[in-house]
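I would like the entire structure built from these sequences, with the hints used as guidance.
Chain by chain, the residues run as shown.
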Amino acid sequence: MTSHHVILRVVSKLLMPVIVVYAFYVQFHGDYGPGGGFQAGVILAVSVILYALVFGVPEALRAVPARFAASLAAIGLLLYAGVGVWAMLNGGAYLDYDFLVEDVPGGHKGQHLGILLIELGVLCTVSGSMLTIFYAFAGRVTEIRDEDW
Amino acid sequence: MLETIVSALPDLMVANAAPLLVVVPLILAGICVFTPNGRTAWGLTILGSVSSFLCALILLLQVGTYGVVSYHLGGFAPPLGIEFRVDGLNVLFLLLVTGMGVLAAVFSWPTVAAEIRVEKHRLFYAAHLICFTGLAGVAITGDAFNLFVFLEISSISTYVLVALGGTRDRRALPAAFNYLIMGTIGATFFVIGVGFLYAATGTLNMVDMAERLAVIDAGNRAVVAGFAFIMVGLGVKAAIWPLHQWLPNAYAYAPSFVTMFLSATATKVAIYAVVRFGFTVFAPEYTFETLNITYVFGPLAMIAMLVCSFQAVFQTDMRRMLAYSSVAQVGYMLLGIAIGTSAGLSAGLFHLVNHGLMKGALFMAVAGVVLTYQGTRISDFAGLGRAAPLTMTAFAIAGLSLIGMPLTAGFQSKWYLLQAMLDGGWGLAAVVVVASSFLAVIYMGRVLQAVFFQAPVNPRKIRREAPALLLIPLWGLTLATLYIGVQADWVIDLVQAAAQASFVPGGGIR
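Here the protein sequences come in this chain order: W and S. If you're matching positions, the first sequence starts at 321 in this note's numbering and goes up one per residue. If you're matching positions, the second sequence starts at 163 in this note's numbering and goes up one per residue.
Keep in mind that the hints were calculated from the coordinates and are not lab data. Every residue gets a Cβ at the ideal spot worked out from N, C-alpha and C, and that includes glycine. Treat each hint with caution, since some may be false.
[Stated by the list, open to error] Calculated lysine to any residue pairs in the SDA-like style (CA-CA distance at most 20 Å, straight line):
(1) S:LYS282 <-> W:LYS429
(2) S:LYS282 <-> W:PHE358
(3) S:LYS282 <-> W:GLY459
(4) W:LYS429 <-> W:ASP418
(5) W:LYS429 <-> S:GLY236
(6) S:LYS282 <-> W:ALA386
[Claimed, not checked] Short derived list, chain S residues pointing at chain W, Cβ under 10 Å:
(7) VAL168
(8) ALA177
(9) ASN178
(10) LEU182
(11) ALA191
(12) GLY192
(13) ILE193
(14) HIS234
(15) GLY237
(16) PHE246
(17) LEU285
(18) PHE391
Next comes the structure, spelled out in structure tokens:
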């Protein structure tokens, strides 16, 4: 089936890297303007979902295995919570970015690093969860045959 | 004794008890995904629950000393930053949730191994830990929107947990779907209500909100609408009659462990949120005099007690019967709240704690029977009194407590509730409580008669107890029920402190 739809395949192949780059643009621009991990995570997941729609779920599963997507969600969670605990171990409150790194008084190094890591965690979790949910629905096989009802 | 335990814990944990209570199970949930097998995930679950329980003990001690523990997340001061705020009211719920979490975690392995497919064990425990995180988070947070987030964290993982009962019984899937729809509507109502309050006050911090609501004109439509949306939304989560329709099926078809954990914690936490909003965010005068919530909650509570107890009498499935009984028991708690006095509230909270203990014990015993005899119909329980005396004795004691037999926890809290009602001039409600207890005699009596006085339907049923891992927490809960039945001072002190804290605007001592 995938041998047809030449235009779709070519155009989506062209679009895919752009979507991924745009996801990272939204991710890293989130520090300074609208954007952030959640939106970026969705856009990143969309690139894989588009791939799965055009080339088929098995192909997408070869590129991004379901196990990887699920692990990515957990890694994001651990990254987020880990940043909080790291600040706590350094003597601050939970998620107090000022305590993440040594800094001159009044400096904002910690704040920059903190929000970067936190948003990275959000990116991982959101894209991982979106993909896991998509795979769960797209890869669904009927478990109950009609005559069993 | 509490001081010795707490002084043995590391300083970091004591200083950061509030966030660690929520964060440790959350991190362990993430780690569970990478564990090699279910047994390791089980170990992590116990670790997370015990650590949260220790944090709750630390907070209990700190609340006793300082009145209120406020933790500023990220170092941002409230009302702009999110705060975790623990006072006399929510420390009670933190203890209940984490304590039941520990017992549930210990007992879970045999039933999870039997009811959940092997490849899902790790993810099952991850989902359970996230649910636990959410419930603890609802109880600990001092921010209205943060409460919504934690409510959703616990609810979404609960839908997953309930649906995993589909391995044993396919009816778990529609039950989970119904629960999802109802729960989502409830959460939506709640967040709409918070939105109205945010529009009216411009703040999400509960203490700040309480201060600003106090100076807003009582007839403000946005505030009234916000109150109504929040109470309806939380009413769905707390299974207040008639918003309880999701509960019987969800409890009946979920994995045994999930049923036990949810019955002891989930609706209780939603009731906490009702109390938090009804008493501390909105002033009690506003809730009970301006809006007359008594005439909404009171009748609903009484109908729940009668109708759902009556429905419980006609159930053939043990877990459905206990689920209907749970809705009826929510009625008792709500009735205590509806009186609007300190005595009534403490009676409601007292019954809430006791109900958590005894329903936990009942569902644990049922889980044991599901494990050994694979049946949940009441007829499957026939003759089990001889086949599994230890499990069934614990079941009987918890059942008698549910009825309200003297010398059990149920009697203490019902007596307390009756006194509060008679003091408040609620003669009719007192009659309803007694009538509902009488219905409880019928539905529990029917089961106990089958268990102890009928011949086993299946002669192959030789003596077969539930495994020790299950019996130890089961008897722990049962003995706690008996202990509270004889010596309830400790719990009464806690619930009275909780009720007093509820009557201070914003909660606790300022």
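Going down the list of hints, with the structure as the test:
The suggested pairing of LYS282 of chain S with LYS429 of chain W is violated, with an alpha-carbon distance near 42 Å, which exceeds 20 Å. In summary, the hint linking LYS282 of chain S to PHE358 of chain W is not supported, as the alpha carbons are separated by about 27 Å, beyond the 20 Å threshold. The straight-line distance between the Cα atoms of LYS282 of chain S and GLY459 of chain W is roughly 17 Å, inside the 20 Å bound, and the hint therefore holds. This hinted pair checks out: LYS429 of chain W and ASP418 of chain W have alpha carbons roughly 8 Å apart, not beyond 20 Å.
Between the alpha carbons of LYS429 of chain W and GLY236 of chain S the distance comes to roughly 15 Å, so the proposed pair stays at or under 20 Å and holds. Under the criterion of a C-alpha separation no larger than 20 Å, the hint pairing LYS282 of chain S with ALA386 of chain W is consistent with the structure, at around 14 Å. A least Cβ separation of about 18 Å between VAL168 of chain S and chain W goes past the 10 Å threshold, and the interface hint is therefore violated. Interface restraint check for ALA177 of chain S: the shortest CB-CB distance to chain W comes to about 9 Å, inside 10 Å, so the restraint holds.
Proximity of ASN178 of chain S to chain W holds as hinted, the smallest CB-CB distance being about 5 Å (cut-off 10 Å). The beta carbon of LEU182 of chain S is positioned within 10 Å of a beta carbon in chain W (closest approach about 8 Å), and the interface hint is therefore held. Checking ALA191 of chain S against chain W: minimum C-beta separation of about 7 Å stays under 10 Å; hint holds. For the restraint placing GLY192 of chain S at the interface with chain W, the shortest Cβ-Cβ distance is roughly 4 Å, inside the 10 Å limit, so the hint holds.
Contact between ILE193 of chain S and chain W, as hinted, is supported at the beta carbon level, the nearest pair being about 7 Å apart and thus within 10 Å. With a least beta-carbon distance of about 6 Å to chain W, the hint placing HIS234 of chain S at the interface is held under the 10 Å criterion. Hint on GLY237 of chain S holds. Least Cβ distance to chain W is approximately 4 Å, under the 10 Å limit. Checking PHE246 of chain S against chain W by beta carbon gives a least distance of about 9 Å; that is within 10 Å, so the hint holds.
Nearest Cβ of chain W to the Cβ of LEU285 of chain S: about 8 Å, under the 10 Å cut. The hint holds. Taken as an interface hint, PHE391 of chain S does not check out: its beta carbon lies about 25 Å from the nearest beta carbon of chain W, beyond 10 Å.
When held up to the earlier numbered hints, the structure conflicts with 1, 2, 7 and 18 and fits the remainder.
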